[in-house]
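Given the sequences, and given the hints that come with them, work out the whole structure.
2 protein chains.
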Amino acid sequence: MFRTHTCGELNLSHVSQTVTLCGWVQRSRNLGGMTFIDLRDRYGITQLTFNMESHKTLCEQARSIGREYVLQVSGKVVERENKNLKIATGEIEIMVENLSVLNTALTPPFTIEDESDGGDELRMKYRYLDIRRNPVKQALLLRHCLASEVRKYMNSQHFVEVETPVLIKSTPEGARDFVVPSRMNQGEFYALPQSPQTFKQLLMVAGLDRYYQIVKCFRDEDLRADRQPEFTQIDCEMSFVEQEDILQTFEGLVKHLFKNIKEIVVPNMPRITYADAIKYYGNDKPDTRFDMKIFELKDIVKGKNFKIFDDAPLVGGICATGCALYTRKQIDELTEWIKRPQIGANGIIWVRWNNEGIKSSVDKFYNEKELKKWFEIAGGKEGDLILILAGEETKTRKALSELRLEMGSRLGLRDKNTFACLWVTDFPLLEWNEEQKRWNAMHHPFTSPKPEDIELLDKNPGGVRANAYDMVINGVEVGGGSIRIFNKELQKKIFSVLGFTNEEAQAQFGFLMNAFEYGAPPHGGIAFGFDRLCSLFGGSDSIRDYIAFPKNNSGRDVMIDAPSGISKEQLNELGITLKTFN
Amino acid sequence: MFRTHTCGELNLSHVSQTVTLCGWVQRSRNLGGMTFIDLRDRYGITQLTFNMESHKTLCEQARSIGREYVLQVSGKVVERENKNLKIATGEIEIMVENLSVLNTALTPPFTIEDESDGGDELRMKYRYLDIRRNPVKQALLLRHCLASEVRKYMNSQHFVEVETPVLIKSTPEGARDFVVPSRMNQGEFYALPQSPQTFKQLLMVAGLDRYYQIVKCFRDEDLRADRQPEFTQIDCEMSFVEQEDILQTFEGLVKHLFKNIKEIVVPNMPRITYADAIKYYGNDKPDTRFDMKIFELKDIVKGKNFKIFDDAPLVGGICATGCALYTRKQIDELTEWIKRPQIGANGIIWVRWNNEGIKSSVDKFYNEKELKKWFEIAGGKEGDLILILAGEETKTRKALSELRLEMGSRLGLRDKNTFACLWVTDFPLLEWNEEQKRWNAMHHPFTSPKPEDIELLDKNPGGVRANAYDMVINGVEVGGGSIRIFNKELQKKIFSVLGFTNEEAQAQFGFLMNAFEYGAPPHGGIAFGFDRLCSLFGGSDSIRDYIAFPKNNSGRDVMIDAPSGISKEQLNELGITLKTFN
Numbered sequence: 127m128f129r130t131h132t133c134g135e136l137n138l139s140h141v142s143q144t145v146t147l148c149g150w151v152q153r154s155r156n157l158g159g160m161t162f163i164d165l166r167d168r169y170g171i172t173q174l175t176f177n178m179e180s181h182k183t184l185c186e187q188a189r190s191i192g193r194e195y196v197l198q199v200s201g202k203v204v205e206r207e208n209k210n211l212k213i214a215t216g217e218i219e220i221m222v223e224n225l226s227v228l229n230t231a232l233t234p235p236f237t238i239e240d241e242s243d244g245g246d247e248l249r250m251k252y253r254y255l256d257i258r259r260n261p262v263k264q265a266l267l268l269r270h271c272l273a274s275e276v277r278k279y280m281n282s283q284h285f286v287e288v289e290t291p292v293l294i295k296s297t298p299e300g301a302r303d304f305v306v307p308s309r310m311n312q313g314e315f316y317a318l319p320q321s322p323q324t325f326k327q328l329l330m331v332a333g334l335d336r337y338y339q340i341v342k343c344f345r346d347e348d349l350r351a352d353r354q355p356e357f358t359q360i361d362c363e364m365s366f367v368e369q370e371d372i373l374q375t376f377e378g379l380v381k382h383l384f385k386n387i388k389e390i391v392v393p394n395m396p397r398i399t400y401a402d403a404i405k406y407y408g409n410d411k412p413d414t415r416f417d418m419k420i421f422e423l424k425d426i427v428k429g430k431n432f433k434i435f436d437d438a439p440l441v442g443g444i445c446a447t448g449c450a451l452y453t454r455k456q457i458d459e460l461t462e463w464i465k466r467p468q469i470g471a472n473g474i475i476w477v478r479w480n481n482e483g484i485k486s487s488v489d490k491f492y493n494e495k496e497l498k499k500w501f502e503i504a505g506g507k508e509g510d511l512i513l514i515l516a517g518e519e520t521k522t523r524k525a526l527s528e529l530r531l532e533m534g535s536r537l538g539l540r541d542k543n544t545f546a547c548l549w550v551t552d553f554p555l556l557e558w559n560e561e562q563k564r565w566n567a568m569h570h571p572f573t574s575p576k577p578e579d580i581e582l583l584d585k586n587p588g589g590v591r592a593n594a595y596d597m598v599i600n601g602v603e604v605g606g607g608s609i610r611i612f613n614k615e616l617q618k619k620i621f622s623v624l625g626f627t628n629e630e631a632q633a634q635f636g637f638l639m640n641a642f643e644y645g646a647p648p649h650g651g652i653a654f655g656f657d658r659l660c661s662l663f664g665g666s667d668s669i670r671d672y673i674a675f676p677k678n679n680s681g682r683d684v685m686i687d688a689p690s691g692i693s694k695e696q697l698n699e700l701g702i703t704l705k706t707f708n
Numbered sequence: 127m128f129r130t131h132t133c134g135e136l137n138l139s140h141v142s143q144t145v146t147l148c149g150w151v152q153r154s155r156n157l158g159g160m161t162f163i164d165l166r167d168r169y170g171i172t173q174l175t176f177n178m179e180s181h182k183t184l185c186e187q188a189r190s191i192g193r194e195y196v197l198q199v200s201g202k203v204v205e206r207e208n209k210n211l212k213i214a215t216g217e218i219e220i221m222v223e224n225l226s227v228l229n230t231a232l233t234p235p236f237t238i239e240d241e242s243d244g245g246d247e248l249r250m251k252y253r254y255l256d257i258r259r260n261p262v263k264q265a266l267l268l269r270h271c272l273a274s275e276v277r278k279y280m281n282s283q284h285f286v287e288v289e290t291p292v293l294i295k296s297t298p299e300g301a302r303d304f305v306v307p308s309r310m311n312q313g314e315f316y317a318l319p320q321s322p323q324t325f326k327q328l329l330m331v332a333g334l335d336r337y338y339q340i341v342k343c344f345r346d347e348d349l350r351a352d353r354q355p356e357f358t359q360i361d362c363e364m365s366f367v368e369q370e371d372i373l374q375t376f377e378g379l380v381k382h383l384f385k386n387i388k389e390i391v392v393p394n395m396p397r398i399t400y401a402d403a404i405k406y407y408g409n410d411k412p413d414t415r416f417d418m419k420i421f422e423l424k425d426i427v428k429g430k431n432f433k434i435f436d437d438a439p440l441v442g443g444i445c446a447t448g449c450a451l452y453t454r455k456q457i458d459e460l461t462e463w464i465k466r467p468q469i470g471a472n473g474i475i476w477v478r479w480n481n482e483g484i485k486s487s488v489d490k491f492y493n494e495k496e497l498k499k500w501f502e503i504a505g506g507k508e509g510d511l512i513l514i515l516a517g518e519e520t521k522t523r524k525a526l527s528e529l530r531l532e533m534g535s536r537l538g539l540r541d542k543n544t545f546a547c548l549w550v551t552d553f554p555l556l557e558w559n560e561e562q563k564r565w566n567a568m569h570h571p572f573t574s575p576k577p578e579d580i581e582l583l584d585k586n587p588g589g590v591r592a593n594a595y596d597m598v599i600n601g602v603e604v605g606g607g608s609i610r611i612f613n614k615e616l617q618k619k620i621f622s623v624l625g626f627t628n629e630e631a632q633a634q635f636g637f638l639m640n641a642f643e644y645g646a647p648p649h650g651g652i653a654f655g656f657d658r659l660c661s662l663f664g665g666s667d668s669i670r671d672y673i674a675f676p677k678n679n680s681g682r683d684v685m686i687d688a689p690s691g692i693s694k695e696q697l698n699e700l701g702i703t704l705k706t707f708n
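Here the protein sequences come in this chain order: C and V.
FYI, in this note's numbering the residues of the first sequence are 127 to 708.
FYI, in this note's numbering the residues of the second sequence are 127 to 708.
Given that identical chains are not distinguished, each listed pair holds provided it fits within a single copy or across any two copies.
Below are the BS3-like pairs computed for lysine-lysine, each with C-alpha atoms no more than 27 Å apart in a straight line: (1) Lys563 x Lys694; (2) Lys507 x Lys405; (3) Lys278 x Lys342; (4) Lys485 x Lys465; (5) Lys563 x Lys614.
Because the hints were derived from the structure by calculation, they are not lab data.
Written as structure tokens, this is what we have:
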């Protein structure tokens, strides 16, 4: 062993011991007779002291050492004169007696500090240096702890972790698969799994009863800022359960994580139906750290010659508490913001109630009594500001949701260290695909409809609710799942509603449907986005820092320069050629 | 919840409770007035009893139920008359009062019993039924427990589990990569990792200090019986350590696993150099459950006109204890066995010492005194049989190794429930590639030579020993690793010995070599084959049962029928075309 202790553990109890440490040079300071070096490793930072009088050569050697050099030093632990109580080792320092430079280092392209001067691409190119920075290192350690606590909880609940295959079969449904050409079966391809969905269901047919896996999944999508082509799921499935059992079990998981990782006791999670989430938050993953629910004015605002309201299928608003003093300029700015193409609303109608009374942008059409009624409906009072949007239902709800989140942020109601968890339930089973003029499964074709809605499958497919649920934390969908269909007749029915012929269903899902012939138990499950969960626990908006070696928005690993060309011989062996393109 | 208890937990303490169970019908028996059904779930089997007199309809319904139907039953727990003390629930049965068939089942293509009548392909095609069989289910549960204990130990030693990427860059070295065409970067490919080797070294450069991961790896090889294109490794790396620290840490891991999984206390592991392993066992992964070391006779057998010995660079033998009574027929059979092309020895010279004295197949050339000397060298005595092979060094040692293992098996010295662990150390750094007339790295090009052998790099590269080590259990290499080079000059030297130009080294390993410029710590690691470790703990020769969904020898998943063709659109999007072939 190159060391006796780490750079994070020495304190006053070690004074006068001779120790050996290893680590990287964080910084060094020459103060005439003394030279100080902060030596860093994964566990912390320890101050090294070199005395010019007693150890001249050593001290001169120390002065020649650059940042990020790798050192091995030994010396005596002594109490510091100037203590630094912010760090665990801040009460001691090492009077160095021996110094060995284990490795030199070029000057890093950015500083190894909490706040780095490296841009995103530079940080990713030199990820091995970026990880030396405390925030990134802590993010990876947090991820490790989360994974570890997930397993602890799942094991305690008798779940078995099973590894499902990575080289599977491509299915035309859903997002694009990454494929892998087979050399031994030329002309054929494996696909990388978008999720282990079918395998976990097969494990239930196999009788494993409770399965989980922390598993890499793959999706060949055009990447948005915060998507990665490979991502990690906590994938789970249980047999002989109803929806309630799954909600209880996985609410338990998330409570366990909050308690053990963040020492936060999460109360029982509220539940809201999909329909109510859309109605009150405009959005199926509401951020419930703050209230500010959407209210509707439709009935009472019609027929007052205000054409915008008269023509609008939806007139909805939110009440911004304490914002009555918003200036005209602030409201104009908000109006510009909501008119941007990403949201595309036409404008904002506002009503404010301050000590001068109630004033609005529609004073021409509505008198104070009427506006006061609006405040009543909104649950508002003197001091508040009501913001109203009107227009087509879906688009307006979306815009209201954005406006609500924006106001929440402006009012400081979305603190990253506050956590609001809830379940969204009763998702629609189907969604209409306008392009293909057919119904698609909202979740996947094995999701079970609510028994009481099955009779709607023919007359009103859009009205059928599913036994499907999402867990939402702070407006982020962290997990989602469903109870599965395990009855052959019902499965056939669903396929027919989805417009599959028997043959198509068999070709795409044959092996799962065959398996279901041999005694499938009632079962259901859930999957959590692990990268997202980590970033949420870390209080970050970006998942990248929680992935050791992430890819950029073009799906490139800029550090190793992948993807890259391969040799003609490799292509030949695989039996594929590249299309020439200019 | 569909049940109050599982099928594995009820015993006399539950008598007279009303319970609800779910599971599969293992078998049913009609005995006139009574019908018995064994109900099975993951946790066990519970006997259900239907009484024709008191519950006629229920009993008739029970009689119509087939194997593998999925049932939900409730009833009272009663003490059994005919107890079955072999199973945990064997003292009770359930007097069924309610029965609900949750799902029917076709007759399985093979029986769901410990010994199955399904062939390998059939079992893999219906893997979800195969897993219902106890031995396969237990194999997967064992795998889960092993993974869980690995993590427990590694976490206790402050290792951090870090997920490394699956979509990486293809390198021409080593085995064939599986590649993944990139749609967003047409004409370019990702590769699936054969191991996270470079990433774990980068994590050491990044200062993570102690890394591990239980991780899928991929190798596009022509598959032998017991290889899988995707396999799982326990991958580990440590900083600021010497070889001894790694051996201690991972000897600790394996001891922990034996203790916690099999309640076996493993003694400190013996160590043997590669040179001695070859000398005494003919093999770098000796099975040390039994002794039977190879001895050499060369010096004393020459010059007696026995041409075979006179011409042979190596005359070596083993002593089969207690085999003096082997018949001529048995020895002939052994001779035929060793002459098979897989081994290809020319024949066996034998000497036996029974109560009639010493007799051999070379009595014409050697007298009893001389033969007795052989026994002395072999460590044999009256009652033993000496088997001798002669010929070219490498081939003969290999044949002796095979013969030794075969005799060990025949003598019952290779019990699957006995475990002999050892470290093989001091592997050669390089091996000569006769085809390409150059030196190859035996492990990989980052393996550190022993400091005292560095001076041999120029004059005698083949004589340079590496700081590389394997852990061998019962003749199986379960893990292997090395101390890495972290010094740029030494790394350059090794690349030059391996015949790389600077440019080639940069092109293939550039990002790792760049990283090493920024302060790489001394580090080393090891990787264990997790599938193999599981099968070893399970006492099986095959790894397949320890993989939930294995592939066959052609790399096919016969259950889901992968690999398979993909659509023209997919190929177009990827910018590749298939070569036409007949």
